[in-house]
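Student: Residue strings, one per chain:
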Amino acid sequence: MLTLSHVSTRYGSIQALTDVSLEVEKGSVATLIGANGAGKSTALRSIMGLCQPHAGEILFEGRKLNKIPTHRIAAMGIALVPEGRAVFANLTVLENLELGGYLQRDGKRLRLDIDHVYEVFPRLKERMAQMAGTLSGGEQQMLAIGRALMAHPRLLLLDEPSLGLAPLMVHAIFDAVDRINREGATVLLVEQNANLALKRSRKAYVLETGRIIMQGDSADLAKDPRVQEAYLGE
Amino acid sequence: MKRIFFVLSTLSLLGLLQWGVTTLLLDGPIRQGPYYYQILILAGINIVLAVSLNLTNGIAGQFSIGHAGFFAVGAYMAASVSYYAGPAIRGLVGFLPLAGQDAAVLLLALAAAALATALAGLLVGIPSLRLRGDYLAIVTLGFGEIIRVLILNIDAVGGARGFSGIPKLSNFFWVYLLVAAVIATVGNLLRSSYGRAFIAIRENEIAAQAMGIDVTRHKVLAFVISSMFAGMAGCLFGHYTMYLHTNSFTFVKSFEIIIMIAIGGLGSIEGAVLGAVLLTVLPEAFRGFESYRMIIYSLALILIMIYRPQGILGQASVLKRLGARMAARRSAQGNVPVTAPAADGGNGG
Ligand SMILES: Nc1ncnc2c1ncn2[C@@H]1O[C@H](COP(=O)(O)OP(=O)(O)OP(=O)(O)O)[C@@H](O)[C@H]1O
Ligand SMILES: [Mg+2]
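Taken in order, these protein sequences are the chains called F and G. If you read the first sequence in the numbering used here, its first letter stands for residue 1, the second for the next number, and so on. If you read the second sequence in the numbering used here, its first letter stands for residue 1, the second for the next number, and so on.
Hints in this document: simulated from the structure, not taken from any laboratory. Heads up, the beta-carbon is just placed ideally off N, CA and C, and yes, glycines get one too. Certain hints may be false.
To be verified - Some chain F residues well away from chain G (every beta-carbon gap over 10 Å; in silico): (1) 15; (2) 21; (3) 59; (4) 105; (5) 217.
Unchecked claim - Incomplete in silico selection of chain G near chain F, CB under 8 Å: (6) 200; (7) 203; (8) 209; (9) 212; (10) 250.
Stated by the list, open to error - Quick list of in silico lysine to aspartate or glutamate cross-link-like pairs, EDC-like style, CA-CA up to 20 Å: (11) 199(F) to 175(F); (12) 64(F) to 25(F); (13) 199(F) to 178(F); (14) 26(F) to 57(F); (15) 67(F) to 205(G); (16) 67(F) to 214(G).
So that you can see chain F by itself, here it is in the shape it has in the complex (with noise of 0.2 Å):
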C-alpha cells in the first residue's frame, strides 16, 4: 500500500533520511523505531509532503507521492498524528473533530463520522465542550487520533502516539489503534517505545541516523539479541 524506495531527505545541509527503504502492507500495522534524532518524524513528514526528498520515490497505492501538497495527499487517504499531538488548543474537542472531517461537506456524515470518534474514545465525549489545551496529554493524544480518523484515512500515520503518557493511558491509546486498524485503516506507527510498538506491529525496520539497519518480522526483531541489547533495554 506505501512503499518508500531509496528516499533520501535533507533540511539544509542536514542529512536526515539516507536510502530509506520501506513497505507497509495493506491492512497490518508496521512500524519504525528509532532513537532520538534518527529520523523517524522526518519519515512521516516525508510521506505527508511537509518536506520533500531529493532522492527516491514514495508510492501510495501506486500513486507517486514526491512533489503533491500535503493538502492533497491528505485528500488522498492518508492521515498524519503529528509528533507531540498538534491539537487546536483554543478550540473545543468538538470543533477539533470538526476541523479534522474538514474535508466532508456533508453535514450528516460529519455527525456520524464524530460519533464513531466518540465510541472509539468516550472520554472525548464526555469532554466535547473542553478547550483542547485543557485536556491531560493523554485526552490530548486521543484526540489527535480522533481528529485524523475524521478524514476517514485508509493509512494512518501515528508518530510517537506514547510519548510523555503513563502505560495504562499507553495501553488505552494502543488497544484504540488496534480497533483502528481491525476496521480496516492501515497504520505506520513511529515509536521509541520499541517494547510495546514490536508488540503492537506485524513488521518492523529500526531507524538509526537516517538510515534502515534492521528489519523484519515484528515479534522476529524483538528476539533479535541487537535491538533488545540497543531498544529494549535487556
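We have chain F; now place chain G with the ligands onto it with these hints.
Tutor: Okay, now just chain G with the ligands, sitting in the frame of chain F:
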C-alpha cells in the same frame, strides 16, 4: 429571496439614516453638526479597515502590518479614476440625473480601487504567504513604505503636494454600505468552511495542511479580500476628504488599525468594530493630547496585552457563534451532557 430582502432592507435603512444624519448634522439645528458627521464618516472608514485587517491578522492568523499601503493604493487609484475619467463617465451616463451620474463615477472608482488592491494583495501575498513565519509582516511593512514613496513621486496624483480636486462623491450612505458589506462578507466567510479553514490555519498550520486544507490558497484568499476592502475604504475616504496626502498613509496608520483590532479582540468582528469606534472617537475627545497619541496607543496596547490579552471582546464572539451552531447540532443528536470548560479545569495537564 431572504438575502434579497435583507439587502433591500439594509439599503433602505441606510437611505433613511443618510437622510436623518444629513438633516440633523449637516443642515440641521445641532451646533458643530458637520464635525460630528465627519467623525461618523471616519469611524465608518476605520471600521472597514479594522474588520478587514482582522480577517488576515485575527481570523487567519497572518500578521500583516501594511494595511495603510492598501488603503493608499485604493484611495489614489479611485481618486485618479474620478479625477481623470470622471467627466467621460458622466458623458456616457448623461441620461441619468446628477445623483445617478455621481453614483456611476463612484462605483467605477470603487471597482477600480477593489481591482487594484486585489491585484496588489495577490502580488504581495503569494510570494510571502507561501513561506512560513513572519515574512508577511516584513513584506507588508516594506510594501506600505514603498507605495508611499512611489506615490510621492508620481506627479499625476499630486506627488508631495497632495492630490486635490477629488470630487466629493462619498457620504454616510456609501461608507456605511461598505461597513455592512465588510461585516456581512467576513461574517459569512467565518461561518462557511472557509472560516473553519482560516481558524485551523491560525491554530496550527501543519495540522491544518495534514487534514486537507490548502493553506497557501486560504491565506492568500484572506489577504486579498482584506486588501480589497482596505482599498475600497480608501476610495470612500478620498472622495469624502476631496484631498489625499501620503501623510495619511504612513506606518502610523497601519499601526493604528492593528491597535484597533488588538484592543477590540483579535478574531472578533464586534471587537474590531468597537476598537475602530474607540480609536476614532477617543482621540477627538482628547484633542489636546494629540502629540502624545502614539505614546498613549502604545501604553494602551501594553496594558491590554497584560490584563486582557484576548482584547476587550476577545474571541468570545467567534467561539460563541461556532458554539451555537454546534449546540444546535448536539440537540439534534439527542441530549448529551455538556461540561463547562471551567468544571474540568482541574484535570488539565
Ligand atoms: N526542521 C529541521 N531543520 C533542521 N534539522 C532538522 C529539522 N527537523 C529535524 N531535523 C534534524 O533531522 C534529524 C532527524 O530528526 P527527526 O525529527 O526526524 O528525528 P526523530 O527520529 O523523529 O527523533 P525524536 O524521537 O526525537 O522525535 C535530527 O538530527 C534533527 O536535528
Ligand atoms: Mg520525532
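Student: Would you check whether the claim that residue 105(F) is not at the interface survives, using Cβ distances to chain G and the 10 Å cut-off?
Tutor: violated, 7 Å
Student: May I ask you to test the interface hint for residue 203(G) with respect to chain F, counting a Cβ-Cβ separation under 8 Å as satisfied?
Tutor: holds, 4 Å
Student: Are all beta-carbon distances from residue 59(F) to chain G longer than 10 Å?
Tutor: holds, 19 Å
Student: Does residue 200(G) meet its interface restraint, that is, does its C-beta lie within less than 8 Å of any C-beta in chain F?
Tutor: holds, 5 Å
Student: Does residue 209(G) pass the interface check with chain F, least Cβ-Cβ distance below 8 Å?
Tutor: Since the shortest Cβ distance to chain F is 4 Å, the answer is holds.
Student: Compare the distance between the alpha carbons of residue 26(F) and residue 57(F) with 20 Å, and conclude whether the hinted pair is satisfied.
Tutor: Distance of about 18 Å is within 20 Å: holds.
Student: Do the numbers back the hint for residue 250(G), that is, is its least Cβ distance to chain F under 8 Å?
Tutor: Result: violated, 33 Å to nearest chain F Cβ.
Student: Would residue 15(F) pass as off the interface with chain G, using Cβ distances and a cut of 10 Å?
Tutor: Non-interface label on residue 15(F) holds, nearest chain G Cβ at 22 Å vs cutoff 10 Å.
Student: Taking only the CA atoms, is the gap from residue 199(F) to residue 175(F) under or equal to 20 Å?
Tutor: Between residue 199(F) and residue 175(F) the Cα gap is close to 12 Å, so the pair holds against 20 Å.
Student: Answer holds if the nearest beta-carbon of chain F is closer than 8 Å to that of residue 212(G); otherwise answer violated.
Tutor: OK, holds: residue 212(G) within 8 Å of chain F, min 4 Å.
Student: Please work out if residue 64(F) and residue 25(F) have their alpha carbons no farther apart than 20 Å.
Tutor: The given pair, whose Cα atoms are some 16 Å apart, holds under the 20 Å limit.
Student: Beyond 10 Å from chain G, beta-carbon-wise, is residue 217(F)?
Tutor: With a cut-off of 10 Å, residue 217(F) remains clear of chain G, as the shortest Cβ separation is near 30 Å.
Hint compliance for this structure: hints 4, 10 are broken, all remaining hints hold.
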